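Chemist: In terms of my numbering, the sequence shown opens at residue 380 and continues consecutively.
Worth flagging that the hints you see were computed from the coordinates, not collected in a lab. All of these numbers come straight from a predicted model, not from anything done at the bench. Yeah, the Cβ is synthetic: ideal placement off N, Cα and C, and Gly gets one too. Check the hints yourself; a few may be wrong.
Unchecked claim - Distance ranges between label pairs, derived from CB positions:
(1) A433 x N563: 34 to 44 Å
(2) N439 x P410: 52 to 62 Å
(3) V487 x P463: 17 to 27 Å
(4) P458 x V487: 29 to 39 Å
(5) N465 x N439: 17 to 27 Å
(6) V497 x A408: 50 to 60 Å
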Amino acid sequence: MIQGNTIGVDEPQPPYGLSYSSQAPPLFAQPFIAAATGQEHLQPYPIDFPPLNATVNHPNPNINYAPYVGQAGMTEPAPWNTYPYNESFFFSIERQLQRNTVVNLSYVGSEAHHLLLVYSNNPGNPALCLYLSNPANVAPGTATCGPFAESAIYTTASGQTIYGTRGPFGYNYGNDDYEGSIGNSAFPRA
Numbered sequence: 380m381i382q383g384n385t386i387g388v389d390e391p392q393p394p395y396g397l398s399y400s401s402q403a404p405p406l407f408a409q410p411f412i413a414a415a416t417g418q419e420h421l422q423p424y425p426i427d428f429p430p431l432n433a434t435v436n437h438p439n440p441n442i443n444y445a446p447y448v449g450q451a452g453m454t455e456p457a458p459w460n461t462y463p464y465n466e467s468f469f470f471s472i473e474r475q476l477q478r479n480t481v482v483n484l485s486y487v488g489s490e491a492h493h494l495l496l497v498y499s500n501n502p503g504n505p506a507l508c509l510y511l512s513n514p515a516n517v518a519p520g521t522a523t524c525g526p527f528a529e530s531a532i533y534t535t536a537s538g539q540t541i542y543g544t545r546g547p548f549g550y551n552y553g554n555d556d557y558e559g560s561i562g563n564s565a566f567p568r569a
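Using the sequences and the hints given, assemble the complete structure.
Modeler: Written as structure tokens, this is what we have:
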């Protein structure tokens with residue numbers, strides 16, 4: 380089930396797409412530089428379009444994929460989506476109390492189910508990030524975990540290298556999103 384919003388939003392990232400999502404909040408005047416760290420990201424334009432016959436079994440050998448790792452920003456419909464629906468309620472009682480007096484009590488409400496929501500399919504692990512945010516748990520002089528650092532590389536105090544906190548797809552993929560039909564709404568709320 381694909382809604383119109385899904386079709387309008389889904390665009391792959393370079394080298395196969397025409398949109399770009401920064402791996403970290405960028406500078407406005409320099410969109411390929413992370414504002415917090417000054418790290419320079421790949422400037423993917425102009426795009427060299429792959430041949431139309433490129434597939435998983437017949438990949439394009441002319442593209443160096445190393446600069447495109449980690450991939451980020453691709454939103455896709457969740458494969459288990461279903462159709463949204465709405466339930467509306469109306470209940471009313473009207474009684475005449477006297478000749479010129481009428482009492483009317485009414486309730487109007489609605490509930491919607493399977494609404495489209497966007498959520499990460501490769502989120503950061505909050506417990507791991509919390510552990511890595513403590514300077515005592517990382518090697519001296521190395522980075523600690525914090526906001527927008529899910530894809531950073533960390534070295535623990537014992538010398539172990541941890542390639543980001545993201546899962547299940549790991550370090551090479553950023554905050555790719557699902558558009559899932561998992562939302563609900565109710566009016567009025569009880």
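Chemist: Determine for every hint whether it applies to the structure shown.
Modeler: Status of each hint after checking the structure:
1. In this structure the supplied range 34 to 44 Å holds for A433 paired with N563, their Cβ-Cβ distance being about 41 Å.
2. Here the CB-CB span from N439 to P410 is close to 26 Å, at odds with the stated 52 to 62 Å.
3. At roughly 20 Å, the beta-carbon separation of V487 and P463 lies within the given 17 to 27 Å, and the hint holds.
4. Separation of P458 from V487 is about 36 Å and conforms to the stated range, judged on CB atoms against 29 to 39 Å.
5. At roughly 46 Å, the beta-carbon separation of N465 and N439 lies outside the given 17 to 27 Å, and the hint is violated.
6. About 28 Å separates the C-beta atoms of V497 and A408, a value inconsistent with the hinted range of 50 to 60 Å.
Of the numbered hints given earlier, the model fails hints 2, 5 and 6; all others are met.
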